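Asks: Following the hints, complete the assembly by docking chains A and S onto the known chain G.
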Amino acid sequence: MVTYLLRRILTLVPLLIGITLITFTVIHLAPGAPVEMQLDMNPKVSAESRERLRKFYGLDKPLHVQYVAWLGKLAKLDFGQSFAPDNRPVLDKIKERIPVTLRLNIIALILEFALAIPIGVYAATHRDTLADKGITIFVFIGFAVPTFWLALLLMYLFGVKLGWLPISGLQSLGYEKLSWWGQLWDQAKHLVMPIGVATFGSLAGLSRYMRSNMLEVIRQDYITTARAKGLSERVVIYRHALRNALLPVITLLGFSLPALIGGSVIFETIFAIPGMGQLFYQGVMARDYPLVMGILVIGAFLTLVGNLVADVCYALADPRIRHGQK
Amino acid sequence: MMNRLLFCLVLAVCCPLVSCSTSEPPAQQQLKREPGTPARGDAFILGSIGEPSNLIPLLSTDSASHDVSGYVFNGLVKYDRDLNLVGDLAESWVTSPDGLVITFSLRRGVKWHDGAEFTARDVLYTYRVTVDPATPTAYAEDFKQVKSVEAPDAYTVRVTYKQAFAPALASWGVAILPSHLLEGKDIMKSPLSRKPVGTGPYVLKEWVAGQKLVLEAFDDYFESAPFISRLIYRIIPDSSTMYMEMKAGGIDMMGLSPVQFARQTDTQRFKSRFNKFRYPAFSYTYLGYNLRNPLFADKRVRQALTSAISKDEIIQGVLLGMGQVAKGPYKPGTWAWNPTVKDYGYNPERAAQLLAEAGWTKKNSEGILVRDGRPFRFTILTNQGNEQRLKAAQIIQQRLKAVGIDVRIRVIEWASFITNFIDKRNFEAVLLGWTLGQDPDIFDVWHSSKTGAKELNFIGYRNKEVDRLIEEGRSTFDQEARKRCYWRIQEILAEDQPYTFLYVPDALPAVSARFRGIDPGPIGLMHNFIKWYVPKAEQVY
Amino acid sequence: MTVQDSIMPHDTTQKSSLLHIYWQRFRRNRFAVAGVFVILLLFAASIGAPLITPYHPGTIDAYHVLLPPSADHWFGTDELGRDVFTRMIYGARISLKVGFVAVGIAVVIGTVVGLLAGFYGGWTDSILMRLVDIMLCFPTFFLILAVIAMLEPSIWYIMIIIGVTGWMGVARLVRAEVLSLRERDFVMAARALGASDFRIIFRHILPNAMSPVLVSASLGVAGAILTESALSFLGIGVQPPDPSWGNILTAGKDYIEFAWWLSLFPGLAILVTVLSYNLVGEGIRDALDPRLNQ
Chain G
4 MVTYLLRRIL
14 TLVPLLIGIT
24 LITFTVIHLA
34 PGAPVEMQLD
44 MNPKVSAESR
54 ERLRKFYGLD
64 KPLHVQYVAW
74 LGKLAKLDFG
84 QSFAPDNRPV
94 LDKIKERIPV
104 TLRLNIIALI
114 LEFALAIPIG
124 VYAATHRDTL
134 ADKGITIFVF
144 IGFAVPTFWL
154 ALLLMYLFGV
164 KLGWLPISGL
174 QSLGYEKLSW
184 WGQLWDQAKH
194 LVMPIGVATF
204 GSLAGLSRYM
214 RSNMLEVIRQ
224 DYITTARAKG
234 LSERVVIYRH
244 ALRNALLPVI
254 TLLGFSLPAL
264 IGGSVIFETI
274 FAIPGMGQLF
284 YQGVMARDYP
294 LVMGILVIGA
304 FLTLVGNLVA
314 DVCYALADPR
324 IRHGQK
Chain A
682 MMNRLLFCLV
692 LAVCCPLVSC
702 STSEPPAQQQ
712 LKREPGTPAR
722 GDAFILGSIG
732 EPSNLIPLLS
742 TDSASHDVSG
752 YVFNGLVKYD
762 RDLNLVGDLA
772 ESWVTSPDGL
782 VITFSLRRGV
792 KWHDGAEFTA
802 RDVLYTYRVT
812 VDPATPTAYA
822 EDFKQVKSVE
832 APDAYTVRVT
842 YKQAFAPALA
852 SWGVAILPSH
862 LLEGKDIMKS
872 PLSRKPVGTG
882 PYVLKEWVAG
892 QKLVLEAFDD
902 YFESAPFISR
912 LIYRIIPDSS
922 TMYMEMKAGG
932 IDMMGLSPVQ
942 FARQTDTQRF
952 KSRFNKFRYP
962 AFSYTYLGYN
972 LRNPLFADKR
982 VRQALTSAIS
992 KDEIIQGVLL
1002 GMGQVAKGPY
1012 KPGTWAWNPT
1022 VKDYGYNPER
1032 AAQLLAEAGW
1042 TKKNSEGILV
1052 RDGRPFRFTI
1062 LTNQGNEQRL
1072 KAAQIIQQRL
1082 KAVGIDVRIR
1092 VIEWASFITN
1102 FIDKRNFEAV
1112 LLGWTLGQDP
1122 DIFDVWHSSK
1132 TGAKELNFIG
1142 YRNKEVDRLI
1152 EEGRSTFDQE
1162 ARKRCYWRIQ
1172 EILAEDQPYT
1182 FLYVPDALPA
1192 VSARFRGIDP
1202 GPIGLMHNFI
1212 KWYVPKAEQV
1222 Y
Chain S
542 MTVQDSIMPH
552 DTTQKSSLLH
562 IYWQRFRRNR
572 FAVAGVFVIL
582 LLFAASIGAP
592 LITPYHPGTI
602 DAYHVLLPPS
612 ADHWFGTDEL
622 GRDVFTRMIY
632 GARISLKVGF
642 VAVGIAVVIG
652 TVVGLLAGFY
662 GGWTDSILMR
672 LVDIMLCFPT
682 FFLILAVIAM
692 LEPSIWYIMI
702 IIGVTGWMGV
712 ARLVRAEVLS
722 LRERDFVMAA
732 RALGASDFRI
742 IFRHILPNAM
752 SPVLVSASLG
762 VAGAILTESA
772 LSFLGIGVQP
782 PDPSWGNILT
792 AGKDYIEFAW
802 WLSLFPGLAI
812 LVTVLSYNLV
822 GEGIRDALDP
832 RLNQ
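Residue numbers (our numbering), protein chains in the order written: chain G, 4 to 329; chain A, 682 to 1222; chain S, 542 to 835.
Derived by calculation from the structure, the hints in this document are not laboratory data. Careful: at least some of the hints might be erroneous.
Some residues of chain S that are not near chain A, with every Cβ distance over 12 Å (derived) [unchecked claim]: (1) Phe572; (2) Val574; (3) Leu669.
Keeping only pairs whose Cα atoms sit at most 25 Å apart, straight-line, the calculated BS3-like set for lysine-lysine is [to be verified]: (4) G:Lys76 x G:Lys98; (5) A:Lys952 x G:Lys164; (6) A:Lys1043 x A:Lys980; (7) A:Lys1145 x A:Lys1023; (8) G:Lys98 x A:Lys876; (9) A:Lys957 x G:Lys164.
Just so it is clear, the structure is predicted and the values come from calculations on it, not from any experiment. Just so you know, even glycine gets a beta-carbon here, dropped at the ideal spot from N, CA and C.
Same shape as in the complex, but just chain G (with noise of 0.2 Å):
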């Protein structure tokens, strides 16, 4: 188990350096030098200061050159300062959004997972009923719908006519003044719609794969041998075939994360929520290049994280993993 821990750890770091080589060449694909961004409507900044700047950004050097000082700079946790007029550390402007869509996030991972699951094993166990049917179009609906429209219409309906939700932000103005319980309501409110939306485009992949899992498991050979030893159906299902179609269904927690922040954008842009999604669209339209690599790099790097953590959890799970077995 600790063997195979270490061995995980250890692939860590091709993986990253990796993501930073993506990263960097996906920025610098676009033409036009990163420094001239920043004096955009300056009229007069003189054609030697721009010539400083380059230079202070190392820019004038080749770019493999400047791939590895920018990785030097990475190894110290310097993420660079933003492009944008108020310059503030990229790290710093990222570290603030963070909790904001890791929180968003991972409630509605967990809701998903624990929507999906459920549903997932109801249409296997009654596959072909009227219910699966219905079970699919539903999900399949879900995440058919354009994110930003269902949105819109949520709000519309909830937000203006019916009036029993806020439409927008992450706490109403007199939050300061609310009880602690009354705060944590608050905040709840805010967040049913973002995640509610969130969640419904999410469940289709996820419960599918695991009707199919369930579907498979419960045609192997020790299920009918379970059934064969009198178990009762319900023992059958939630004892023996759920643990063993679960186990695949584990890994799936860790490439979930980058699909949802993927995603945040949309919503966190319409619901006008301050996370890491909003502040990448906004970076890349100002083409705030550190800013827009720092995140990037965060981002990837959390889905490597939470991969870890699913791979843990997987072998904690998976008895061959655990005594060593391949």
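Replies: Frame of chain G, contents of chains A and S only:
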């Protein structure tokens, strides 16, 4: 003024508020509710699409920053409701007979937000830091005309100019910065960019990054303490979300789009909860041609292009009729505007004739005009995020197609637009807008000396007579003389058509009905914001 | 009976009866058939666009903007007075084009990677699979956003970048198939007969590894359509005046209350189309699944 011209080029998105005007008072619905008694309290919530970047006005160019810092700082002078220059931090001033020296008498007893006294030292500091070459500001141009600034005593400032400069007085409307907090320090690293200290009616209390900025009333404000206790900016990046927030009561004021104004807010319910206002904005939209491009070198071609476009159609389609035709760089109704200028109205036959005269006689198989084997084809660039400009571009595309000109449209986001296209003069035609300042001096945009890299005369317009008229107009204080110059300039521009001036839109703000004291005037709505109030019974926050 | 069981996979009689079996299975899945029907309808509409509607998608009528649906304009007019029904039909062309080219690129890249990794194993496999892992770590939409915004939102860049960020799933599936096929008798036989690697890969293994790719492709088209609409919302999708469902939907988002037709029709169209591709993809997967022997 020039400064506003500058930063308003940066306005990429339709900003919620444009405080601009005309000489008639704005049309509005009757403020329905009874005035009630003025009371302190409540909060005024605004939505902002962008987040401010730097609250020191000297250092930022985005409208979000300037909206907020506008409540925190004062200048020496300001414009009042009827567009007259009145004193702000300056109580009065005296101009020398030759116009070269302005002596300001400053108000006494004005306090900075941290309790310090405002004195002439602050004015001197502001001037010095603005013209300092190490300060990356876009607003130094006007102060560069100054020869010297002296403070004979703590409440007097004497400014001497190198030559008579008409926009001089107005240029002192810029924010005065606190010398006791900034002098001797690097302004770029100052904490004031996030926690500004000014003399204005509101103090920044809280800035939750990405979410909101909360300003509180400054009780020692020299004019009078504002009634509305808090001013809150909520950052809402999406315009549809902002509109829904307004309808749900989450924000109190928003600039409506023409469709929202005319078709979505006519319900009884809306009108009982909000007051709508409508007045011409201080900006115009235009199609600018790169005069270095051989396609546009012949002025007959430009006249033809203007004749092929129906400005009325654009106003109907884009603004639902809520705007006016623009024929020059001045706002209709102001004293510098020339109402007698003859305009190249919509006349496709004349367009075809002018084009033929310029050598475009043959058409190819697709119906596009050709000359020497090259088709008449060009690309209009416009900036991303501005729906109105994109719509206008599409209407123009269709009209020009009808006379045989093939137009492509390309939308570029702002950061790239300026650097890769405008500054490098890498464009054929652009569809943009300018905000108009109160002073009619148009030196920065139209004078031939401003055609260098990164300067504002990026189409490359060079006309000796216009140059001379501009110089004359800014070097005299006699309004009649200035008027003659500017009227003549408009005649020349109408003949030359370096831009096809398109329209002056109407500003269409809606405000929650509970706010009383709104006094719409030629300058717009916000001039007397400190006098707005909500009666005790209706206060929400 | 599956292809993998037979020694001579080129036996056409077996193959055609196999296809017949797949088709039978597929046909029993009513959702999938409905999906096929919708897709065919869409194709027909987009090809026959000029026959269906007399309007041109670009004809602006500035004096008749935002009219509700009527006999003249079945889906109403948009913010520049253009007929929405016409723009939807021509937009179908663009949405389908984006979907197919993007998926085509993804399938080509993914198949090649999967084939090479699966067939050669060893270092090739390790490196290629590491590459897949690395690419899977990035939130895909972030990458797409970054590239499109930094280059320019031309329809070609959009198609290429969606393809280049979507091949990883295909690669994994193909590799898995190749790994199991590699040890089969027919491959060994071909090798014994002296066939070159290239020939073995492309003539023997590839045709049999394609079935999971079909499923992926179907789901991929669905995803590409959704991605284009997301890019349009952010302002960097297909640019006006070219119509796409995404940009029609985005243009209407400010007028949901009032001009509901600008939101309803493209939204429904995207929903139904993506749903159909999903159902068809699932249908293919169920039909081809050798384990479902019922």
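Asks: Each of the hints needs a verdict: does it hold here or not?
Replies: Here's how the hints hold up against the structure:
no.: 1; hint: Phe572; verdict: holds, 34 Å
no.: 2; hint: Val574; verdict: holds, 38 Å
no.: 3; hint: Leu669; verdict: holds, 35 Å
no.: 4; hint: G:Lys76 x G:Lys98; verdict: holds, 17 Å
no.: 5; hint: A:Lys952 x G:Lys164; verdict: holds, 16 Å
no.: 6; hint: A:Lys1043 x A:Lys980; verdict: holds, 19 Å
no.: 7; hint: A:Lys1145 x A:Lys1023; verdict: holds, 21 Å
no.: 8; hint: G:Lys98 x A:Lys876; verdict: holds, 20 Å
no.: 9; hint: A:Lys957 x G:Lys164; verdict: holds, 21 Å
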